[in-house]
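Protein sequences, first through last, are from chains A and B.
Okay, so the first sequence: first residue is 1 according to my numbering, each after it adds one.
Okay, so the second sequence: first residue is 1 according to my numbering, each after it adds one.
I should point out that these hints are in silico values taken from the structure, not numbers from a laboratory.
Some hints could be false.
[Said to hold, decoys possible] Using C-beta positions, here's what the derived DEER-type ranges look like: (1) A:Gln150 with B:Glu17: 29 to 35 Å; (2) A:Asn104 with B:Glu4: 25 to 31 Å; (3) A:Asp164 with B:Ser224: 50 to 56 Å; (4) A:Gly74 with B:Ala101: 21 to 27 Å; (5) A:Ala8 with B:Arg192: 52 to 58 Å; (6) B:Glu185 with A:Gly91: 54 to 60 Å; (7) A:Ser76 with B:Ala101: 27 to 33 Å; (8) B:Lys100 with A:Pro213: 50 to 56 Å; (9) B:Glu163 with A:Pro213: 37 to 43 Å; (10) A:Lys204 with B:Glu4: 19 to 25 Å; (11) A:Gly74 with B:Arg206: 44 to 50 Å; (12) A:Tyr16 with B:Arg116: 28 to 34 Å; (13) B:Arg116 with A:Ser98: 21 to 27 Å; (14) B:Lys78 with A:Asn211: 51 to 57 Å.
Heads up, the beta-carbon is just placed ideally off N, CA and C, and yes, glycines get one too.
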Amino acid sequence: MNETIDIAKKFMEFFYTANSPQKGKVLVVSKYAERTRVNICLLKFFLHEMKQKGIFITIDRPHQYTASLLTIHGISQENLVYIDAVSRISGETEANVSNVRFINGPYEMNFLDDITAISFAGGAVKTKSIDLDEMNFILIDDIAALTKYQEADGVKKMIHSYIDSIERLNNITAPIVLDANQNRAIYEIIMNRCDRFLFINLSKSIFKEMNRPTHLKRKKVLMPKETSFAKPAATGGY
Amino acid sequence: MADEMERLCSGVDGVDELIEGGYPYPSVILVAGPAGTGKTTFTQQFLFAGAEMGEIGLYFTTLSEPPQWVMHYMSNFKHLNKSHIGKNVIFCDIGQMLRKASPEEILAFIDEEVARTMAQRVVIDPITVIKEFLGNDYRPFLFDLVNHLKNWRAVSILTGEVEPNQLYPSEVAYASDGVVLLTYEEVEGARRKYMEVLKMRGTNHRTGKQSFVITKEDGFVVLSGTF
Ligand SMILES: Nc1ncnc2c1ncn2[C@@H]1O[C@H](COP(=O)(O)OP(=O)(O)OP(=O)(O)O)[C@@H](O)[C@H]1O
Ligand SMILES: [Mg+2]
Numbered sequence: 001m002n003e004t005i006d007i008a009k010k011f012m013e014f015f016y017t018a019n020s021p022q023k024g025k026v027l028v029v030s031k032y033a034e035r036t037r038v039n040i041c042l043l044k045f046f047l048h049e050m051k052q053k054g055i056f057i058t059i060d061r062p063h064q065y066t067a068s069l070l071t072i073h074g075i076s077q078e079n080l081v082y083i084d085a086v087s088r089i090s091g092e093t094e095a096n097v098s099n100v101r102f103i104n105g106p107y108e109m110n111f112l113d114d115i116t117a118i119s120f121a122g123g124a125v126k127t128k129s130i131d132l133d134e135m136n137f138i139l140i141d142d143i144a145a146l147t148k149y150q151e152a153d154g155v156k157k158m159i160h161s162y163i164d165s166i167e168r169l170n171n172i173t174a175p176i177v178l179d180a181n182q183n184r185a186i187y188e189i190i191m192n193r194c195d196r197f198l199f200i201n202l203s204k205s206i207f208k209e210m211n212r213p214t215h216l217k218r219k220k221v222l223m224p225k226e227t228s229f230a231k232p233a234a235t236g237g238y
Numbered sequence: 001m002a003d004e005m006e007r008l009c010s011g012v013d014g015v016d017e018l019i020e021g022g023y024p025y026p027s028v029i030l031v032a033g034p035a036g037t038g039k040t041t042f043t044q045q046f047l048f049a050g051a052e053m054g055e056i057g058l059y060f061t062t063l064s065e066p067p068q069w070v071m072h073y074m075s076n077f078k079h080l081n082k083s084h085i086g087k088n089v090i091f092c093d094i095g096q097m098l099r100k101a102s103p104e105e106i107l108a109f110i111d112e113e114v115a116r117t118m119a120q121r122v123v124i125d126p127i128t129v130i131k132e133f134l135g136n137d138y139r140p141f142l143f144d145l146v147n148h149l150k151n152w153r154a155v156s157i158l159t160g161e162v163e164p165n166q167l168y169p170s171e172v173a174y175a176s177d178g179v180v181l182l183t184y185e186e187v188e189g190a191r192r193k194y195m196e197v198l199k200m201r202g203t204n205h206r207t208g209k210q211s212f213v214i215t216k217e218d219g220f221v222v223l224s225g226t227f
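The shape of chain A in the complex, shown without the other chains (with noise of 0.2 Å):
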C-alpha cells in the first residue's frame, strides 16, 4: 500500500493534535470506490501506528475480508473486535473465531441502539475481557448499506442510535466513513451530529479538513420524500 500521501502523518495531525487525543464522531467524506482503502488506512494508523484498541461494525460485507486485508497487509487485529453484522446471510460459511460477535442480520434488530449492550451481552468482546470503555475507537462499514434492509425511518432511528451511543461510550474516535453521493438523507444527518469534518481521495491524494459542509445541493428530484432530514445543523438529533 503505498499511498502517495503519507497518510499516517496526516491522520496523526487530524486526530492528535498536541499529544492530546482528539475524539468525538468524525465524517470522513470519500468515494465509495475508495472505500475499502480508506478503511484500511484508518485501521492501520489506529492499530498499527497508534497501537490502539478498536471495534469494526459490518454491515456491508463479512468481517473475513476486512481480516484478510489486514493479515495481508502486516496489520496485527489483537487489538480489534468485529461486531459482523452480515455474514449470517452472506452465503458464505461463518468463521469459529474469537473477536467476532455475530448478528443475524443489519434488518434484524436495533442492534446499533446500544453497542455497550451487545458487547456485554456474552460475545467476543467478553470472551477476549476488553473493557469498552478501554476502547480508542470505532469504525462502521458501511452505515449507508442499512438502507438495503429499512425503510428510512428504521435507518434514520438507527443512525441517531449509533451516534447516541458513541456519545456514551468514553473518549472514543468514532470516524464514520460516507461517499457524500452514496445517500444525501443519511449524509445530512451524519454530518449534523459529527464534530469534525475530514474530505480523502487517494487517487487524487488529496486530504483536508473541512468545516461543517453547509452549501448540499439537494437532489430533490431523486428523493422527494426526504425533504424532513434538511434540518438546520448543529441541533444534536430530531
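Chain B with the ligands: place on chain A using the hints.
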C-alpha cells in the same frame, strides 16, 4: 430511501448509455462471445479507463493468451496509456496454477491478489477454460468466486468463450449480475459485430443488438442506434 446505485464506467464508448451510466458497483459481469469478437479489447478498455481515474485494475489471464501477448496486441491501440501497466493495471497469469491447483487454492490465490492490490476493477479472461479443470466443482467454484469478488468491492468482468452452437456459457450467466453478448452476423455479404446487454441486475438497461467497431484509434466503440 435507497439512492441511485453506485456505478463504474465501462471504458467503452456507447456502453454506459445503455446501462444507466455504468456497471453496478460492486457486481460481476459476463462478457461472452465467439473467438475474436473483441472480449479482451473490451475488458482492457474497462481497466485502463479506471486507471485514468486512479483506480486499480487487476487482469487475470487463464489459459488463452498470456499477459505478454495481451500487452503486445493492446500496445497497438493508441488510447490505452501504457504508463498504467504494472501500477494501476496489474497483469497476473493463473494459467500455470490452473493445471494443478484445487478449486480452493485457485480461489485463495485470486482472493489474495485482489486483497493485496485492493483493485476496484477485476477481469478474468477467459473464465470458461476453468471448467475443464474443475469438472463438478466448477459451479460451486463460480458461486464462491462471484460472491468473493463482490465482497472485495470490485466490478469484475469474466469473459466467456462461446461454442458455435451456444449462445453464452450458462453457468456463468446465471451466477453473474450482468451479461453482455458479443456476436458476429452476416449482413449484406459482410460480417458485422454486435453487442447486446442481455441482463444487468438493478439496471433498466437497453435491449437489442448494437453494432460496434474496433479501430486502432479508438478501440472498441459501440455505435448508437439499434440494428
Ligand atoms: N488494431 C486493430 N484494428 C482493428 N481491429 C482490431 C485491432 N486489433 C484487434 N482488432 C479486432 O479485434 C479482434 C480481436 O480482439 P480480441 O483479442 O479483444 O478478441 P477476443 O474476443 O478476446 O478473442 P479471443 O476469443 O481469441 O480471445 C480481432 O479479431 C480484430 O477483429
Ligand atoms: Mg481474448
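Exercise. Using the C-beta atoms of Tyr16 of chain A and Arg116 of chain B, is the stated range 28 to 34 Å upheld?
Worked result: 29 Å, holds
Exercise. For the pair Glu163 of chain B and Pro213 of chain A, does the Cβ-Cβ distance stay inside 37 to 43 Å?
Worked result: 55 Å, violated
Problem set entry | Ala101 of chain B and Ser76 of chain A - C-beta distance against the hinted 27 to 33 Å | 29 Å, holds
Exercise. Using the C-beta atoms of Glu185 of chain B and Gly91 of chain A, is the stated range 54 to 60 Å upheld?
Worked result: Cβ of Glu185 of chain B to Cβ of Gly91 of chain A: about 38 Å, so the range 54 to 60 Å is violated.
Problem set entry | Range hint 25 to 31 Å (beta carbons of Asn104 of chain A and Glu4 of chain B) holds or violated | Distance hint for Asn104 of chain A, Glu4 of chain B holds at roughly 29 Å.
Exercise. Quick one: are Asp164 of chain A and Ser224 of chain B within 50 to 56 Å, going by C-beta?
Worked result: Because 52 Å falls inside the window, the suggested range holds.
Exercise. CB of Gly74 of chain A to CB of Arg206 of chain B, is that within 44 to 50 Å?
Worked result: Because 46 Å falls inside the window, the suggested range holds.
For this session: Can you let me know if the beta-carbon spacing of Arg116 of chain B and Ser98 of chain A is within 21 to 27 Å?
Result: Once the Cβ atoms are compared, 26 Å apart, the range 21 to 27 Å for Ser98 of chain A and Arg116 of chain B holds.
Exercise. Is the gap between the beta carbons of Gln150 of chain A and Glu17 of chain B within 29 to 35 Å?
Worked result: 33 Å, holds
For this session: Using the Cβ atoms, figure out if Lys100 of chain B sits within 50 to 56 Å of Pro213 of chain A.
Result: 54 Å, holds
For this session: Could you see if the CB distance from Gly74 of chain A to Ala101 of chain B stays within 21 to 27 Å?
Result: 25 Å, holds
Problem set entry | Satisfaction of the hinted span 19 to 25 Å by the C-beta atoms belonging to Lys204 of chain A and Glu4 of chain B | Check passed, 22 Å falls within 19 to 25 Å.
Hints 6, 9, 14, counting from the list given before, are not met by this structure.
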